[in-house]
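> Residue numbers (numbering that gives the first Met the number 0), protein chains in the order written: chain A, 0 to 302; chain B, 0 to 457; chain C, 0 to 270.
Wrong hints could be hidden among the right ones.
Said to hold, decoys possible - Taking lysine-lysine and the DSSO-like style, the derived pairs with C-alpha atoms no more than 27 Å apart in a straight line are: (1) B/K108 with B/K366; (2) C/K97 with C/K156; (3) C/K156 with A/K217; (4) A/K217 with C/K97.
Don't read these hints as lab results, they were simulated from the structure.
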Amino acid sequence: MIRAHSLLRHREGLAAWSMVAPALLVTMVFAVYPVLDSLWLSLHHIFVGIPQLGSPFVGLDNYVALFHDPVARQALVVTLAFVLLSTLLELACGLIIALVIHERFRGRGLVRAAILIPWAIPTVVASQLWRYIFNDQYGFANLLLFGDRVTDYVPWLAYPGVAFAVVVLTDVWKTSSFAALLILAGLQVIPHDLYDAARVDGARMWQRFWHITLPLLKPALLLALLFRTMDAFRVFDLVFVMTQGGPGDATQTLQFYGYQTLFTEGRIGYGSAISVAVFLMILALSLTYLRAMGSNLLERRRP
Amino acid sequence: MRWISPTQRIQRPPQSYAGTVFRWIGLLILILLPCSTGIACAESPPGAAPASSKPHVTLRFVSWKPDHARVWEEVLADFTRTHPHISVVRELAPHSSTAYHDLLTQKLKNRDATVDVFFIDVIWVPEFAAAGWARPLDDIFSPAMRQEFLPAAIEVGQYDTHVYGVPSRIDAGLLYYRQDLLAKYGFIAPATWPELVRQAETVLAGERQTNPLLQGYSAQFKQYEGLVCNMLEFVEGHGGSLMRPDGTGSALSSPDALAAVQFVRDEVIGRLTSRAALTYQEPEALSLFLQGHAIFHRNWPYAWELANNQTRSTIAGQVGVAPLPGFSPGRAAAALGGWLYGISAYSQHPDEAWALIEFLSSQAVQKKFSREAGIAPSREALFSDPEVLARSPQLRNQGAVLHAATPRPRSPVYPAISHLLQRYFSRALAVDGLDLAQEAAITDAHIDRLLALTKAAR
Amino acid sequence: MTRRILLAGGILATVGLSLLPFLWFVLTSFKSQTEIEAAPPPWWPSGSLGFYRTALFDHHLFDYALNSVVVAGATTLLALLFAIPAAYALARLTIPGKQGILAVLLCVSMFPQMAIAGPIWRLLDSLGGLNHRWGVVLPYVALTLPLAIWILASFFKELPPELEDAARVDGCGTWGTLFRITLPLATPGIFTAAILILIYAWNEFFFALLILTQPEQQTLPVGIALFQGEFTMPWGELAAASVVATLPLIGVVLLCQRWIVSGLSAGAVKG
Chain A
0 MIRAHSLLRH
10 REGLAAWSMV
20 APALLVTMVF
30 AVYPVLDSLW
40 LSLHHIFVGI
50 PQLGSPFVGL
60 DNYVALFHDP
70 VARQALVVTL
80 AFVLLSTLLE
90 LACGLIIALV
100 IHERFRGRGL
110 VRAAILIPWA
120 IPTVVASQLW
130 RYIFNDQYGF
140 ANLLLFGDRV
150 TDYVPWLAYP
160 GVAFAVVVLT
170 DVWKTSSFAA
180 LLILAGLQVI
190 PHDLYDAARV
200 DGARMWQRFW
210 HITLPLLKPA
220 LLLALLFRTM
230 DAFRVFDLVF
240 VMTQGGPGDA
250 TQTLQFYGYQ
260 TLFTEGRIGY
270 GSAISVAVFL
280 MILALSLTYL
290 RAMGSNLLER
300 RRP
Chain B
0 MRWISPTQRI
10 QRPPQSYAGT
20 VFRWIGLLIL
30 ILLPCSTGIA
40 CAESPPGAAP
50 ASSKPHVTLR
60 FVSWKPDHAR
70 VWEEVLADFT
80 RTHPHISVVR
90 ELAPHSSTAY
100 HDLLTQKLKN
110 RDATVDVFFI
120 DVIWVPEFAA
130 AGWARPLDDI
140 FSPAMRQEFL
150 PAAIEVGQYD
160 THVYGVPSRI
170 DAGLLYYRQD
180 LLAKYGFIAP
190 ATWPELVRQA
200 ETVLAGERQT
210 NPLLQGYSAQ
220 FKQYEGLVCN
230 MLEFVEGHGG
240 SLMRPDGTGS
250 ALSSPDALAA
260 VQFVRDEVIG
270 RLTSRAALTY
280 QEPEALSLFL
290 QGHAIFHRNW
300 PYAWELANNQ
310 TRSTIAGQVG
320 VAPLPGFSPG
330 RAAAALGGWL
340 YGISAYSQHP
350 DEAWALIEFL
360 SSQAVQKKFS
370 REAGIAPSRE
380 ALFSDPEVLA
390 RSPQLRNQGA
400 VLHAATPRPR
410 SPVYPAISHL
420 LQRYFSRALA
430 VDGLDLAQEA
440 AITDAHIDRL
450 LALTKAAR
Chain C
0 MTRRILLAGG
10 ILATVGLSLL
20 PFLWFVLTSF
30 KSQTEIEAAP
40 PPWWPSGSLG
50 FYRTALFDHH
60 LFDYALNSVV
70 VAGATTLLAL
80 LFAIPAAYAL
90 ARLTIPGKQG
100 ILAVLLCVSM
110 FPQMAIAGPI
120 WRLLDSLGGL
130 NHRWGVVLPY
140 VALTLPLAIW
150 ILASFFKELP
160 PELEDAARVD
170 GCGTWGTLFR
180 ITLPLATPGI
190 FTAAILILIY
200 AWNEFFFALL
210 ILTQPEQQTL
220 PVGIALFQGE
230 FTMPWGELAA
240 ASVVATLPLI
250 GVVLLCQRWI
260 VSGLSAGAVK
270 G
């Protein structure tokens with residue numbers, strides 16, 4: 000009896016491994032190996048313009064230098080502000096969108112498609128679109144606000160603070176529907192009988208939202224928050240297309256700085272160190288989120 | 000409520016699920032198949048056996064996407080007609096110097112042996128030379144051949160006594176202006192910046208009623224490579240320099256350099272030109288000028304062609320071009336730009352690569368580019384060629400400017416230096432209440448440290 | 000009543016804010032260059048198709064779109080093929096080191112993509128994948144797997160296990176249970192994951208730019224980025240191209256949305 004049981008378990012274990020193996024293999028080759036490679040590079044001093052330097056192993060020197068780098072410090076501030084603002088706004092907008100498209104009404108399919116449009120536009124194009132909207136001479140924003148009074152038109156992207164806000168706005172517009180989709184998936188598994196019971200108990204709409212929807216939505220919200228944070232920390236396309244980090248470094252994110260050092264300047268070791276540092280920060284944040292999610296994410300909610 | 004009873008599902012015959020899986024896999028193969036076959040076709044040389052006795056060679060030519068695609072296609076078709084054993088495959092990158100640089104160097108960093116010929120921006124020659132990416136051309140690009148090109152263009156192609164690039168197109172900053180407006184107020188093209196400011200103020204005061212959008216000046220002040228060119232011109236024009244004369248250190252803290260930056264900060268941004276210039280690269284600045292909204296405009300030689308294009312420009316025929324002003328007469332400076340052809344050090348077909356470069360930079364092809372695409376030549380003789388001048392009369396005066404143009408700092412770590420300069424200049428122009436001298440000193444220290452690194456490695 | 004007003008307001012606001020900027024681009028795509036650069040810009044275009052002509056024929060937009068269809072399609076199918084069993088195993092079965100696997104999957108999806116671009120480039124170089132469409136498909140699959148697995152696993156977890164247990168008692172193997180019982184129930188989760196992967200692969204720019212440098216293989220985002228000429232900002236062509244590039248995805252979403260949010264709900268199943 001016991002043997003039969005363990006045999007069953009053994010067969011299940013084999014099946015389980017055969018199910019996970021292909022995914023793990025692809026991930027190992029195309030994600031884990033590159034990550035380890037770049038960790039290793041970050042411990043070296045490599046400058047492609049000065050090959051005579053060789054590629055000496057320098058331990059944590061790059062990280063020490065990064066810690067004292069004023070440009071990196073400024074970029075960190077910009078990045079943290081971007082992550083905080085964009086993820087919170089995206090979560091709020093995503094929740095609203097998800098609640099709307101979860102409802103049943105005529106033309107729901109069209110509304111859903113419409114809401115997914117921003118996200119379906121390639122980021123490179125969406126960034127150009129918003130750069131165009133905030134153009135100083137013929138931008139839509141100026142047309143909406145000032146109409147024909149062309150002398151009042153504002154060069155939005157020329158002001159450091161405004162340029163930063165526009166980058167955040169573009170990201171929120173672009174990716175709120177991503178958050179919405181994840182939240183929607185969470186909304187769908189909330190059982191209707193809970194609402195029915197609450198309605199029978201005389202709970203008002205707001206009460207039902209606060210006491211049923213939101214608590215049960217927590218795992219989905221945290222999942223959306225997790226993936227959005229990960230992406231926001233690594234924002235690149237937007238800055239690359241819209242501002243190139245300007246004006247005056249106001250939109251210079253860590254990731255764009257990492258790109259510049261790694262790709263343009265050819266400082267392979269230092270650029271890798273910046274990326275690893277970004278990774279470590281994301282890791283720390285994610286662990287916090289995961290702790291908040293607790294065992295909820297991969298455990299059944301209801302007994 | 001649309002849901003399917005789970006029991007219905009279970010009752011379905013098992014094969015249908017296996018069938019679904021196979022259909023998926025089949026679909027996948029169908030989708031992936033064209034990838035592999037398409038590639039096989041692309042890589043096999045066309046025609047089983049070339050007519051010529053020489054073995055067939057496929058060259059890969061990396062460039063940005065050219066604006067005059069048709070002319071390029073014709074030129075390359077001519078090349079393969081005259082060189083039947085060579086075919087040319089093009090690899091295209093976005094038309095931004097930096098994006099193109101990053102893509103190309105990614106290949107070269109990894110010793111990509113498939114790249115044969117590429118464009119090099121004049122600012123990258125030291126980097127490409129030091130990193131061992133560009134093949135020295137001393138043995139094939141003879142001194143006699145070099146003499147036929149503009150000396151400045153040959154000089155930027157050299158590093159450490161070797162020559163790495165054959166000039167394709169050479170650029171220098173120029174001052175474009177509205178001839179009609181200047182004439183109306185009795186001015187000629189200004190020789191100094193203070194004079195330019197005075198002229199602009201007079202014209203603006205007179206024209207405000209008819210054109211409220213008119214600005215004094217339009218140029219490129221966005222945080223990108225072009226900002227370095229624009230600011231170099233102001234600094235040099237003031238008698239300063241980005242680098243110390245012996246090239247050992249950065250000179251942003253020198254009084255002349257500081258005064259020039261201060262001038263742009265106080266007199267140009269938000270006054271002579273709208274603050275919007277902080278977001279402008281070449282296309283945006285040019286657009287303003289073509290719309291008739293700027294009296295003066297700084298750009299490269301190509302802008303002449305567009306400014307006088309009846310369909311693109313509202314000011315065609317009313318445009319003048321002159322050397323950029325300085326801060327005292329005779330102090331003018333123009334940033335040197337442009338593109339060279341280079342051969343990859345990892346190319347396995349350097350002879351065929353040279354044949355392509357020789358063809359592309361020949362007198363006949365440069366003439367074709369100049370006549371049909373308005374691209375300025377780099378061969379000295381073409382600047383006095385009647386056919387070329389008939390199409391581009393402005394070239395008559397540009398020879399002198401191109402001769403005297405100032406290169407940006409020449410260093411194998413220029414990309415890193417450029418980022419520091421861009422950061423400094425952009426902060427200097429965009430951030431309120433900035434301590435200019437302090438920022439300059441910090442940037443000087445950063446650049447000096449980079450330069451020390453290259454010196455120590457020598 | 001308040002509910003209906005709130006809903007109507009919500010629909011208007013979300014649709015309006017999502018669409019308005021895009022509609023401006025649609026209007027722009029029908030303007031002429033002069034109308035685009037005029038200050039103030041006119042609201043309505045005079046109705047020129049010139050930019051569509053340039054985008055489609057001069058810039059060969061269809062070729063890029065075809066490449067994108069191939070790349071995005073292959074990525075989606077492959078990623079699902081790998082993600083579904085893995086997610087099922089992680090959600091339902093006992094695997095030693097499950098937490099470790101989940102942690103690794105999550106960690107790699109946190110790593111900045113440009114840092115791994117170099118190693119991936121070298122890897123593809125040695126595999127001969129540069130300038131081949133499958134050369135971007137493999138990294139796309141690897142990079143979308145973690146998200147797909149996490150979504151699917153959390154979806155599988157929500158399904159009632161009783162049916163699966165019953166199937167297993169009836170002699171269904173683990174794979175059989177997955178394909179016969181779990182998959183049909185999990186369609187909304189699968190379509191959600193599929194859409195996420197598809198749009199990622201459709202939009203990805205950075206790897207495509209590095210790996211595909213020949214126009215014959217380049218995807219839409221790269222192709223559109225190549226519109227930028229030296230001389231002018233190609234707003235009109237960009238607008239036309241983005242309209243063309245977005246239409247197929249709208250179609251896919253319209254087609255799939257009944258599965259994304261199908262009638263499945265836990266309560267109904269438990270019934």
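> Determine for every hint whether it applies to the structure shown.
Checked hints:
{"no.": "1", "hint": "B/K108 with B/K366", "in the structure": "violated (35 Å)"}
{"no.": "2", "hint": "C/K97 with C/K156", "in the structure": "holds (14 Å)"}
{"no.": "3", "hint": "C/K156 with A/K217", "in the structure": "holds (15 Å)"}
{"no.": "4", "hint": "A/K217 with C/K97", "in the structure": "holds (23 Å)"}
Consistency note: the structure conflicts with earlier hint 1 alone.
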